[in-house]
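Participant: These are the residues of each chain, in order.
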Amino acid sequence: GAGVSQSPSNKVTEKGKDVELRCDPISGHTALYWYRQRLGQGLEFLIYFQGNSAPDKSGLPSDRFSAERTGESVSTLTIQRTQQEDSAVYLCASSRDNTGELFFGEGSRLTVL
Amino acid sequence: GNSVTQMEGPVTLSEEAFLTINCTYTATGYPSLFWYVQYPGEGLQLLLKATKADDKGSNKGFEATYRKETTSFHLEKGSVQVSDSAVYFCALNHGNNRLAFGKGNQVVVIP
Numbered sequence: 001g002a003g004v005s006q007s008p009s010n011k012v013t014e015k016g017k018d019v020e021l022r023c024d025p026i027s028g029h030t031a032l033y034w035y036r037q038r039l040g041q042g043l044e045f046l047i048y049f050q051g052n053s054a055p056d057k058s059g060l061p062s063d064r065f066s067a068e069r070t071g072e073s074v075s076t077l078t079i080q081r082t083q084q085e086d087s088a089v090y091l092c093a094s095s096r097d098n099t100g101e102l103f104f105g106e107g108s109r110l111t112v113l
Numbered sequence: 001g002n003s004v005t006q007m008e009g010p011v012t013l014s015e016e017a018f019l020t021i022n023c024t025y026t027a028t029g030y031p032s033l034f035w036y037v038q039y040p041g042e043g044l045q046l047l048l049k050a051t052k053a054d055d056k057g058s059n060k061g062f063e064a065t066y067r068k069e070t071t072s073f074h075l076e077k078g079s080v081q082v083s084d085s086a087v088y089f090c091a092l093n094h095g096n097n098r099l100a101f102g103k104g105n106q107v108v109v110i111p
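The listed protein sequences derive, respectively, from chains A and B. Going by the working numbering, the letters in the first sequence line up with residues 1 to 113, in that order. Going by the working numbering, the letters in the second sequence line up with residues 1 to 111, in that order.
Hints are computed from structural coordinates only; laboratory data are not their basis. The beta-carbon is built from N, C-alpha and C at its ideal position, and this holds for glycine as well. Careful, some of the hints might be misleading.
Stated by the list, open to error - Here chain B is said to cover these stretches of chain A; the calculated rule only asks that three of the stretch's residues, wherever they fall, bring their Cβ under 8 angstroms from a Cβ of chain B: (1) 13-26; (2) 63-72; (3) 85-98.
As the list claims (entries may be wrong) - Heads up, incomplete: computed chain B residues facing chain A, CB under 7 angstroms, no partners named: (4) Tyr-30; (5) Ser-32; (6) Tyr-39; (7) Gly-43; (8) Leu-46; (9) Leu-48; (10) Ala-50; (11) Asn-93; (12) Asn-97; (13) Arg-98; (14) Lys-103.
To be verified - Using 30 angstroms as the maximum straight-line C-alpha spacing, the simulated DSSO-like pairs for lysine-lysine come out as follows: (15) Lys-57(A) x Lys-11(A); (16) Lys-103(B) x Lys-15(A); (17) Lys-77(B) x Lys-57(A); (18) Lys-77(B) x Lys-56(B).
Please take these sequences and the hints and turn them into a complete structure.
Facilitator: Right under this line is the structure:
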């Protein structure tokens, strides 16, 4: 497809387990973003990639969170030792320029029991 | 810091009614302002934007005007349709496309 693709769409895990969330951006989009949306809250910025480098990691909530991007394409967000407060929808977006137009995936819903 | 505030609670209205969703912002400088929309089962998508004071963004019958004096960017549509049922997010651009989003408003249009 032509849009941003995220997987899995739903993930249920036990507290303390590690999870990986994947994002396939639109082909040719150099910038990639991860946001988090907890129930009843707005979107919370996590990290931004320009190419394969991450000039802005300031939104990562703790050192249990990390992200990487390879080949200026796929990105993986990893959450280690998950906690219940990590339960949220994790949204990925990509963009081709600096105009503020982001193209979002449908999100990965994470539930930590 | 830069932030966006949207009015609380869902909005329920009848088809052909007038819709207003309030958005105010706090920012240093003059950020670009946006409305994003999320239709059921889909990802967020850009609805409209304005890049400087007094600019009016418009799309699909929706409009919003960048008001520097009131730090607002209220979304309006004169006659809503059932297909406008969605969640609407106001946002501002910190720079480098790092957007600050409001909490969103669920809009339900009843036939």
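Participant: Would you check whether Ser-32(B) satisfies its interface hint, that is, whether its CB is within less than 7 angstroms of any CB in chain A?
Facilitator: It holds, given that the least Cβ distance between Ser-32(B) and chain A is near 5 angstroms, below 7 angstroms.
Participant: Was the hint right that Arg-98(B) lines chain A, CB cutoff 7 angstroms?
Facilitator: It holds, given that the least Cβ distance between Arg-98(B) and chain A is near 6 angstroms, below 7 angstroms.
Participant: Is the interface hint satisfied for Leu-48(B)? The criterion is a beta-carbon contact with chain A at less than 7 angstroms.
Facilitator: Because about 11 angstroms separates Leu-48(B) from the closest Cβ in chain A, which is outside the 7 angstroms limit, the hint is violated.
Participant: Regarding the hint that Tyr-30(B) lies at the interface with chain A, is the smallest CB-CB distance below 7 angstroms?
Facilitator: With a minimum Cβ separation of about 13 angstroms from chain A (threshold 7 angstroms), the hint on Tyr-30(B) is violated.
Participant: At a threshold of 7 angstroms, is the proposed contact between Tyr-39(B) and chain A supported by beta-carbon distances?
Facilitator: At 11 angstroms from the nearest chain A Cβ, Tyr-39(B) fails the 7 angstroms test, so the hint is violated.
Participant: Holds or violated: are the alpha carbons of Lys-77(B) and Lys-57(A) at most 30 angstroms from each other?
Facilitator: 37 angstroms, violated
Participant: Does Lys-11(A) lie within 30 angstroms of Lys-57(A) when you go C-alpha to C-alpha?
Facilitator: It holds: about 24 angstroms lies between the C-alpha atoms, which stays within 30 angstroms.
Participant: Go through the hint on Gly-43(B) and say holds or violated, using the shortest Cβ distance to chain A against 7 angstroms.
Facilitator: At 4 angstroms from the nearest chain A Cβ, Gly-43(B) passes the 7 angstroms test, so the hint holds.
Participant: Hey, Lys-103(B) versus Lys-15(A), does the alpha-carbon distance stay inside 30 angstroms?
Facilitator: Between Lys-103(B) and Lys-15(A) the Cα gap is close to 27 angstroms, so the pair holds against 30 angstroms.
Participant: For a C-alpha distance cap of 30 angstroms, please report whether Lys-77(B) and Lys-56(B) respect it.
Facilitator: 13 angstroms, holds
Participant: Are Ala-50(B) and chain A close enough, Cβ to Cβ, to be under 7 angstroms, as the hint says?
Facilitator: Nearest chain A Cβ about 10 angstroms off; hint violated.
Participant: Okay, the stretch 63-72 of chain A and chain B, do three or more residues pass the C-beta test at under 8 angstroms?
Facilitator: n = 0 at 8 angstroms, threshold three: violated.
Of the hints listed earlier, those the structure fails to meet are numbers 1, 2, 4, 6, 9, 10 and 17, in rising order.
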